[in-house]
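Colleague: Using the working numbering, read the sequence shown as starting at 38 and increasing by one per residue.
Since the hints were derived computationally from the structure, they do not count as laboratory data. Owing to the predicted nature of the structure, the values given are computational and were not obtained by experimental measurement. Any given hint might turn out to be false.
Unchecked claim - DSS-like mimics (lysine-lysine), calculated; alpha carbons at most 27 Å apart, straight line:
(1) K278 to K218
(2) K47 to K58
(3) K223 to K235
(4) K157 to K490
(5) K466 to K160
(6) K278 to K232
(7) K47 to K90
(8) K157 to K135
(9) K218 to K160
(10) K160 to K182
(11) K218 to K90
(12) K47 to K488
(13) K135 to K58
(14) K182 to K157
(15) K47 to K490
(16) K160 to K178
(17) K488 to K466
(18) K232 to K218
(19) K160 to K47
(20) K466 to K490
(21) K490 to K58
(22) K232 to K90
(23) K182 to K466
(24) K488 to K58
(25) K58 to K90
(26) K466 to K178
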Amino acid sequence: MNGGANQLTKQAMALARAVWKWRWLAVMVAWPVALVLGLAVSLWSDRYEATAKVYVDTQKVLKPLMQGLAYQPDIEQQVRMLARTLLSRPNVEQILVKSGGPTVQQNAIEHERQVTRLMKEIKVEGAGGTGNLYTITYRDKDRVKAQQMVESMVDLFVATTTGQKRRDSEDASRFIDEQIKAYESKLVEAENRLKEFKLRNFGVTGMSNQDHFGRMSALSDQVNRLRLELNAAEQTRDAYKRELAQEEPQLPVELATTGPVVQSEVDARLEAQRRQLDDLLRRYTDEHPDVVSARRIIAQLEAQKRQEAEARAKNAKSGRAAATSPVYQRIRIALAESEAQVASLRAQLGAQQAQLEEVRQRAGQIPKVEAELAQLNRDYDVIRRNYDLLVSRRESASLGVKLDESNQLADFRIVEPPRVAPAPVFPGKTVLALLSIIASIAAGVGAAILKDKLVPTFHDTDSLREAVGRPVIGTVSTVALPSARVAARADIRRLAAATLTLLLLQGAWLVWIAMQASPLRIPS
Numbered sequence: 038m039n040g041g042a043n044q045l046t047k048q049a050m051a052l053a054r055a056v057w058k059w060r061w062l063a064v065m066v067a068w069p070v071a072l073v074l075g076l077a078v079s080l081w082s083d084r085y086e087a088t089a090k091v092y093v094d095t096q097k098v099l100k101p102l103m104q105g106l107a108y109q110p111d112i113e114q115q116v117r118m119l120a121r122t123l124l125s126r127p128n129v130e131q132i133l134v135k136s137g138g139p140t141v142q143q144n145a146i147e148h149e150r151q152v153t154r155l156m157k158e159i160k161v162e163g164a165g166g167t168g169n170l171y172t173i174t175y176r177d178k179d180r181v182k183a184q185q186m187v188e189s190m191v192d193l194f195v196a197t198t199t200g201q202k203r204r205d206s207e208d209a210s211r212f213i214d215e216q217i218k219a220y221e222s223k224l225v226e227a228e229n230r231l232k233e234f235k236l237r238n239f240g241v242t243g244m245s246n247q248d249h250f251g252r253m254s255a256l257s258d259q260v261n262r263l264r265l266e267l268n269a270a271e272q273t274r275d276a277y278k279r280e281l282a283q284e285e286p287q288l289p290v291e292l293a294t295t296g297p298v299v300q301s302e303v304d305a306r307l308e309a310q311r312r313q314l315d316d317l318l319r320r321y322t323d324e325h326p327d328v329v330s331a332r333r334i335i336a337q338l339e340a341q342k343r344q345e346a347e348a349r350a351k352n353a354k355s356g357r358a359a360a361t362s363p364v365y366q367r368i369r370i371a372l373a374e375s376e377a378q379v380a381s382l383r384a385q386l387g388a389q390q391a392q393l394e395e396v397r398q399r400a401g402q403i404p405k406v407e408a409e410l411a412q413l414n415r416d417y418d419v420i421r422r423n424y425d426l427l428v429s430r431r432e433s434a435s436l437g438v439k440l441d442e443s444n445q446l447a448d449f450r451i452v453e454p455p456r457v458a459p460a461p462v463f464p465g466k467t468v469l470a471l472l473s474i475i476a477s478i479a480a481g482v483g484a485a486i487l488k489d490k491l492v493p494t495f496h497d498t499d500s501l502r503e504a505v506g507r508p509v510i511g512t513v514s515t516v517a518l519p520s521a522r523v524a525a526r527a528d529i530r531r532l533a534a535a536t537l538t539l540l541l542l543q544g545a546w547l548v549w550i551a552m553q554a555s556p557l558r559i560p561s
């Protein structure tokens, strides 16, 4: 431990002897270095940093209330994108001209240089680890200018965000209005085409919910069903005819006087047909084939009733009697009803067959017409659906514009107003002055040590022995003459004067620099 301390002490003493030996070299190097560094520090200008923090609050009460009613853009994404593009050239040029900088017409080269510098030096960054807190910083030699520049950036940030939202909503509304007008004309054209087509092909398309082949198949099924029903009704009628031919119309004399009074056949048929006519009139019009057939049968039965009345009158005069058997009369009534049903089924079958033949004759025309109608309806439905959608979007966009005008979706809060730090940005001019003093002294000491290394000398026997590696036999002392001692003292006085002058000048210069860099009151 003591050996290491002694070694360090010897090295320090050796360096001190070297500096002392080349003391004038150290002073001559320190002076010009101090002058050069002092001049450089004097020309250096302190830079002051102005900062401001802006918070964008997008979580408003109105936003969830208008959810689904109005179009709401992603305000957070727009603000983040705007923060990235805020330092665009047009914005920076606007700030430069507002702060009194040169315009393109005044000095194009200087204007371009300052715009490029501002784009590099103005910083807009997210702060606090959140997406809605932004810090705006700028450094300048002038405190007031730095603060004014940050204030301009804050104003531009807020105004650009609000204006951008409003412009986006207005552009969207204008575009939707133009599209609605275009779709209105398309919708009118589609409606006119559909109307003209229906008027031109009236009665051709048939049922709107069934195509041509479906109608043909349904009509064929109805014709087949009516044929089966008509065949069954004719068989029933023929059976009644056979039974009627086998039945005696007259009752025996002993039963005829005591038997009940039975309604005549014609009256029963007439009553049945009238009931059937009432039922048909409740379902069909007067022109329906079944109604026409029923009325024709009623007219025939009424004529037959009149003929039978006339026949009974003639028989009464001639002594002939009408049929008195109730079974015979019931069979005749059933036969009349069966004939009426056969006649009705034949009329229905004829009408359905005629309609089927008409559909078959139009087999080459109807599918084409139906296909054209389907295409027209499809085009109309698409245009109508798009038109309704655009109208609803226009209402949403209108509400969105009103929301933007009320500025309720985003609230800009200046968390920290633009301010300038009292101390300049490190390293300040005072720090540089102190470092220059230390550097000038270090340069002088370093020059002396370097000179001693280039021209080595030995001050004691130990250093000589270590250098040559041989034993030292003895030493020779020098005796200074009185004139030499006087000259040495004069040299020391000159050295002390040169050193003290340098130190005093540097100290006074440091105080002056510190006084110049003292914080000033910044106007608000």
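Colleague: Each hint needs a verdict: does it hold in this structure or not?
Modeller: Consistency of the hints with the structure:
1. K278 to K218: 76 Å, violated
2. K47 to K58: 16 Å, holds
3. K223 to K235: It holds: about 18 Å lies between the C-alpha atoms, which stays within 27 Å.
4. K157 to K490: Not OK: K157 and K490 at ~48 Å, beyond 27 Å, violated.
5. K466 to K160: Cα-Cα ~24 Å, so holds.
6. K278 to K232: 57 Å, violated
7. K47 to K90: It is violated: about 59 Å lies between the C-alpha atoms, which goes past 27 Å.
8. K157 to K135: 18 Å, holds
9. K218 to K160: 46 Å, violated
10. K160 to K182: Between K160 and K182 the Cα gap is close to 16 Å, so the pair holds against 27 Å.
11. K218 to K90: 46 Å, violated
12. K47 to K488: Status holds; Cα separation ~19 Å.
13. K135 to K58: The given pair, whose Cα atoms are some 63 Å apart, is violated under the 27 Å limit.
14. K182 to K157: 16 Å, holds
15. K47 to K490: Given pair K47, K490 holds - Cα atoms ~16 Å apart, limit 27 Å.
16. K160 to K178: Distance of about 16 Å is within 27 Å: holds.
17. K488 to K466: Given that 27 Å is the threshold and the Cα spacing comes to 32 Å, the pair is violated.
18. K232 to K218: This hinted pair holds, its Cα atoms lying about 21 Å apart.
19. K160 to K47: 55 Å, violated
20. K466 to K490: 35 Å, violated
21. K490 to K58: The given pair, whose Cα atoms are some 12 Å apart, holds under the 27 Å limit.
22. K232 to K90: Violated: K232 and K90 sit about 65 Å apart, past 27 Å.
23. K182 to K466: It holds: about 19 Å lies between the C-alpha atoms, which stays within 27 Å.
24. K488 to K58: 10 Å, holds
25. K58 to K90: 60 Å, violated
26. K466 to K178: 12 Å, holds
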